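Participant: Sequence:
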Amino acid sequence: MSFLLSDKVWVMLSEVAKRGIYPTHGAKLGIFRLPVELVNQSEITGIVNELKKLGYSLDTFADRIFVTKKWVEKGYDFYSGKEESAELDITVEIVTGEVLDLIYQIKPIEHFGDYYWIKNYRHTADRHAKIIIDNIIRNTKIGQKLIGYYQKIHKLSQEDAIKKIEQITPLADLSKDLKSDQKVLSGPTASAEVATAKPGVEGSSDSIAQSPSTAVSTPPAATAVPLSEDTTLQLTGTGTDHVAAEGPIDTGFKSKRQPAGKFKGIQVWGPYDPPGQLGIWGTDVCVDFDICISDGACIDACPVNVYEWLETPGHPASERKPFMIREKDCIFCLACENVCPPQAIKIFKK
1 MSFLLSDKVW
11 VMLSEVAKRG
21 IYPTHGAKLG
31 IFRLPVELVN
41 QSEITGIVNE
51 LKKLGYSLDT
61 FADRIFVTKK
71 WVEKGYDFYS
81 GKEESAELDI
91 TVEIVTGEVL
101 DLIYQIKPIE
111 HFGDYYWIKN
121 YRHTADRHAK
131 IIIDNIIRNT
141 KIGQKLIGYY
151 QKIHKLSQED
161 AIKKIEQITP
171 LADLSKDLKS
181 DQKVLSGPTA
191 SAEVATAKPG
201 VEGSSDSIAQ
211 SPSTAVSTPP
221 AATAVPLSED
231 TTLQLTGTGT
241 DHVAAEGPID
251 TGFKSKRQPA
261 GKFKGIQVWG
271 PYDPPGQLGI
281 WGTDVCVDFD
291 ICISDGACID
301 ACPVNVYEWL
311 ETPGHPASER
321 KPFMIREKDC
331 IFCLACENVC
341 PPQAIKIFKK
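One point on numbering: in the UniProt record's numbering, the residue at position 24 of the sequence shown is 24, and numbering is uninterrupted.
No lab work stands behind these hints, which were simulated from the structure alone. Predicted model only: the values in this text are computed from it and were never measured. Check before you lean on any hint, since a few could be wrong.
What the hints assert, rightly or not - Simulated pairs of lysine to aspartate or glutamate, EDC-like, Cα-Cα distance not exceeding 16 Å: (1) K349 with D284; (2) K262 with E246; (3) K152 with E337.
Kindly generate the complete structure, drawing on both the sequences and the hints.
Facilitator: Here is the structure:
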């Protein structure tokens, strides 16, 4: 049973039902609230697409994503003397916003018809709902956001945060490996996964055989940025054997790192080995691109629109980064620095 909802299913009175969710009489309602912000439409679209790949029926309305699992029950009807079948379903609602609610309602069997011959309907529906919830967390960007939250708020290492996610989602489809899946799960591009085994760690070696699911390919040269006076660096290259770095950003990097060049006038601090290692970008508004998981909190928080998305195909932490293209407009409010889950941002006040 999912540890998330093992003790969080109860009959809820309409007087205390939150956010307009009023269950029908006698229906079971399961609720779980996650400390994850989900307001960006591109992220919502990415999550919907990931869940569709798992075979669920998806629908969206206003601030809700409806994830439905359908299944067929078969049994013998004693009164008719025939084998019967019935199509049932259970829906989990993802209520998006500054926090994220996962809600499901187990309706009475009478909602589907006079299927009195079905046994253990509530148990089956409850299990399907918990599998959906575990997949929502384990196999979408929501899991990446939770990892960042555990790192920042609970002060866990990336490895411990990943273990925590794995522990609370035992019913999830295990096709994704959180240890190597540090890509952004939304957006128009699909990231290649990288193996995170390190030299000296048991089970690893200097040359790790990569399966098709963990192979990293070099982006085509056609995507390279043409060099100019303000752009001396390219986002493509042969650096495909890097892994995502852990936060927080080294606030003393300016005295330890050497400038590697510029991208559209923005200073980049090495080491720089694209596409897998991109270094720290910026002079006053600084983001460690090797730590950044592209959750978008900084872009949403900035009141003067300093950032815009920059596609970085092939990077192990995420395939796009918040590019400080309007760095000179920064008002040093520190909003972006304070909301960054992996603590990848440092603002230097003038």
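Participant: Confirm or reject each hint.
Facilitator: Okay, the hints, checked on the actual structure:
A hinted pair counts as satisfied when its Cα atoms are at most 16 Å apart, and K349 with D284 qualifies at roughly 7 Å. At roughly 24 Å between alpha-carbon atoms, K262 and E246 are farther apart than 16 Å, so this suggested pair is violated. Restraint check: the Cα-Cα separation between K152 and E337 comes to about 12 Å, which is no more than 16 Å; the hinted pair holds.
Going down the numbered hints, you'll see the structure goes against just number 2.
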